[in-house]
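Assemble the whole structure, with the sequences as input and the hints as a guide.
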Amino acid sequence: MPGYSRILSWSGGNDAAFVLDEHHDALLTTYDEGTAHLPHTQVMPLDAALAQSDSLGLPVVAVPIPSPGDAPLYAERMREAVNQFSPRAHIDFGDLILDDLRADREAALKRAGFCAQFPGWSVDSADRRNQITEAGIGAVVVSLDTRVRSPDLLGQSFDASFAGALTAGVDPCRQRGEFQTFVLNHPRFSFPIPWHGGDIVHEGDFAMLRPHMLWQDHPGSKPAPAGSCAGAARHPS
Numbered sequence: 002m003p004g005y006s007r008i009l010s011w012s013g014g015n016d017a018a019f020v021l022d023e024h025h026d027a028l029l030t031t032y033d034e035g036t037a038h039l040p041h042t043q044v045m046p047l048d049a050a051l052a053q054s055d056s057l058g059l060p061v062v063a064v065p066i067p068s069p070g071d072a073p074l075y076a077e078r079m080r081e082a083v084n085q086f087s088p089r090a091h092i093d094f095g096d097l098i099l100d101d102l103r104a105d106r107e108a109a110l111k112r113a114g115f116c117a118q119f120p121g122w123s124v125d126s127a128d129r130r131n132q133i134t135e136a137g138i139g140a141v142v143v144s145l146d147t148r149v150r151s152p153d154l155l156g157q158s159f160d161a162s163f164a165g166a167l168t169a170g171v172d173p174c175r176q177r178g179e180f181q182t183f184v185l186n187h188p189r190f191s192f193p194i195p196w197h198g199g200d201i202v203h204e205g206d207f208a209m210l211r212p213h214m215l216w217q218d219h220p221g222s223k224p225a226p227a228g229s230c231a232g233a234a235r236h237p238s
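Offset between the sequence shown (1-based) and this note's numbering: plus 1.
For the record, the hints were derived by calculation from the structure and aren't laboratory data.
Hints are all accurate, no fakes.
Label pairs and their computed distance ranges (CB to CB):
id : residue 1 : residue 2 : range
1  : Gly58     : His197    : 17 to 27 angstroms
2  : Gly165    : Asp206    : 16 to 26 angstroms
3  : Ala104    : Asn84     : 19 to 29 angstroms
4  : Ser87     : Gly170    : 34 to 44 angstroms
5  : Ser87     : Ser162    : 40 to 50 angstroms
6  : Arg89     : His197    : 36 to 46 angstroms
7  : Gly58     : Asp160    : 23 to 33 angstroms
Ideal placement from N, C-alpha and C gives every residue a C-beta, glycine not left out.
Below, the structure is given as structure tokens:
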């Protein structure tokens, strides 16, 4: 058993990327069992997050999310996943606000015997946006609530220009889910994740950018098939 002790909940976006540091020894992510897509973007494949973990040189534990409503099965899979961690493991989250979400995470991990930590909690979202760009984290917008802004912002860099184009009152770090990002570069990446844009997909009020095989152009990135990492840590290539 690897006994990972400092785990980062990894969505592939800039909030998690900002709290990543040299003490993290594994990533924890989830994906839709039916589509093998990351749940927050719905069209971003799990392999994209695996490419990020390859670039970081960190193992990733990927947990498949079952069909909606099967909460007991999801809880069982999460228990199996966290059993790979040290009994004293801390799991970090990049959330800044939303007390109810934090309480849910803390309660779920406490039942499993682990501690949830929030390194960036209560940091002002505008300040965090500036810190993300100043840290050299490069991300693109891959999902957008069209009630916030038209889909023409999809694929744009997460920067001051993007923030300035948002509707007044929108959280600049999308803490209420107004948009989602995907990190292409990070000071700890050994190689950037190639990005080729893609097709725009609409679902309800959201528009999402489906990427074109963004990771395969780089020889250092060799993500495994999505199903191969369910239930066990996948180590970098």
